[in-house]
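Peer 1: I would like the entire structure built from these sequences, with the hints used as guidance.
Protein chains: 2
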Amino acid sequence: MTVATNVVWHDSKVTKESRCAHKAQRPCIVWFTGFSGSGKSTIANAVEHRLAELKQHTYLLDGDNVRHGLNKDLGFTDEDRIENIRRIGEMSKLFVDAGLIVVTAFISPFRAERQLVRDLVESGEFVEVYMSTPLQTCEERDPKGLYKKARSGEIKNFTGIDSEYEPPENPEVTLDTSTMSVEECVNQVISYLEGKQIL
Amino acid sequence: MTVATNVVWHDSKVTKESRCAHKAQRPCIVWFTGFSGSGKSTIANAVEHRLAELKQHTYLLDGDNVRHGLNKDLGFTDEDRIENIRRIGEMSKLFVDAGLIVVTAFISPFRAERQLVRDLVESGEFVEVYMSTPLQTCEERDPKGLYKKARSGEIKNFTGIDSEYEPPENPEVTLDTSTMSVEECVNQVISYLEGKQIL
Numbered sequence: 001m002t003v004a005t006n007v008v009w010h011d012s013k014v015t016k017e018s019r020c021a022h023k024a025q026r027p028c029i030v031w032f033t034g035f036s037g038s039g040k041s042t043i044a045n046a047v048e049h050r051l052a053e054l055k056q057h058t059y060l061l062d063g064d065n066v067r068h069g070l071n072k073d074l075g076f077t078d079e080d081r082i083e084n085i086r087r088i089g090e091m092s093k094l095f096v097d098a099g100l101i102v103v104t105a106f107i108s109p110f111r112a113e114r115q116l117v118r119d120l121v122e123s124g125e126f127v128e129v130y131m132s133t134p135l136q137t138c139e140e141r142d143p144k145g146l147y148k149k150a151r152s153g154e155i156k157n158f159t160g161i162d163s164e165y166e167p168p169e170n171p172e173v174t175l176d177t178s179t180m181s182v183e184e185c186v187n188q189v190i191s192y193l194e195g196k197q198i199l
Numbered sequence: 001m002t003v004a005t006n007v008v009w010h011d012s013k014v015t016k017e018s019r020c021a022h023k024a025q026r027p028c029i030v031w032f033t034g035f036s037g038s039g040k041s042t043i044a045n046a047v048e049h050r051l052a053e054l055k056q057h058t059y060l061l062d063g064d065n066v067r068h069g070l071n072k073d074l075g076f077t078d079e080d081r082i083e084n085i086r087r088i089g090e091m092s093k094l095f096v097d098a099g100l101i102v103v104t105a106f107i108s109p110f111r112a113e114r115q116l117v118r119d120l121v122e123s124g125e126f127v128e129v130y131m132s133t134p135l136q137t138c139e140e141r142d143p144k145g146l147y148k149k150a151r152s153g154e155i156k157n158f159t160g161i162d163s164e165y166e167p168p169e170n171p172e173v174t175l176d177t178s179t180m181s182v183e184e185c186v187n188q189v190i191s192y193l194e195g196k197q198i199l
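Here the protein sequences come in this chain order: A and B.
As numbered in the numbering used here, the first sequence has no gaps in its residue numbers, which increase by one up to the final residue, 199.
As numbered in the numbering used here, the second sequence has no gaps in its residue numbers, which increase by one up to the final residue, 199.
Simulated from the structure, these hints should not be mistaken for laboratory data.
In this text the structure is predicted, and so the values were computed from the model without any measurement.
No false leads were slipped in.
One copy or two, either will do: identical chains are not told apart, so a pair holds if it fits within one copy or between any two.
The list that follows gives simulated cross-link-like pairs (lysine-lysine, DSBU-like), each with its CA atoms no further than 30 Å apart:
#: 1; residue 1: Lys144; residue 2: Lys13
#: 2; residue 1: Lys149; residue 2: Lys13
#: 3; residue 1: Lys23; residue 2: Lys55
#: 4; residue 1: Lys72; residue 2: Lys13
#: 5; residue 1: Lys13; residue 2: Lys148
#: 6; residue 1: Lys144; residue 2: Lys16
#: 7; residue 1: Lys196; residue 2: Lys55
Peer 2: Right under this line is the structure:
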């Protein structure tokens, strides 16, 4: 590739608008919230896959790539959990600014912290997906054995056991994986995004 | 857009490789380092603009979008400055994982912290651009009036005045804006990326 030597020098910055135009997509945050075992990661991954098939440029933020990297200095006290979500929100904002659809999968139990993230981006860019799967089902699944440890006292401050979960009051999408299939859940999220002309 | 109801369920994740294939580009970090006033932001912006013209999907991280958001809890002690760069490095890694070319403009005075970021990503993905503009020129420019404040003692721990700058030993690109034009600087960075088949 040759470099043009007569390129016009632009003083303006590359903007969110120009990045979105280049990508021909509308960025947003698809924020999954719910108990451990409610299906957040499974559905978030499935949604990301479907978006990729639809040629959307996506990125998934979850415990795997955030807790071991950016937020590895944080523990599980209320203070650290709030800082955890704050940083994820700020990072999601930058990904939205970069023009991507960000999919996040974190318990994010407190209303105030989810509101903080909603307020970071423009109106309509925060899509809250509430996994309403009943706690009993989540505990029966116990995919990581965490509920058992929480019940025995081995883990403290576990959401649903000895730490509160505040359900969203007006989530954009509500999904219950105890009664809905993965495909039904994905379809509902995609339909919402289509209805809002994000897709 | 209609939703396929017979979509095959993929258990695999959307990977860095699939995102890069979708975007037809190779991600990397173009990391500018140098004194305040050395031209980091100017050249970083100009490089991002050129990359956008070349249809590359980029994102610029600088003080404007990081210091007021993700890192607004950090000050300017050595400890906070190291944490500042650590977080920027971890975030850059996620942007690279998302398939983007990340351009960063931070003084990042310490070799160890730049090495930490280099080690976060794969070999060849960290492109260190050393702005070797002499301190005297930077201080004469003093675009934000910070050198004056540092000389008068109003600002403490200012790089080049009462805080050390450790120049890179083997930077991928070296630019001196006291002798090179913006266009020459941009061309040199683009040529490097082309030579490494990143472009």
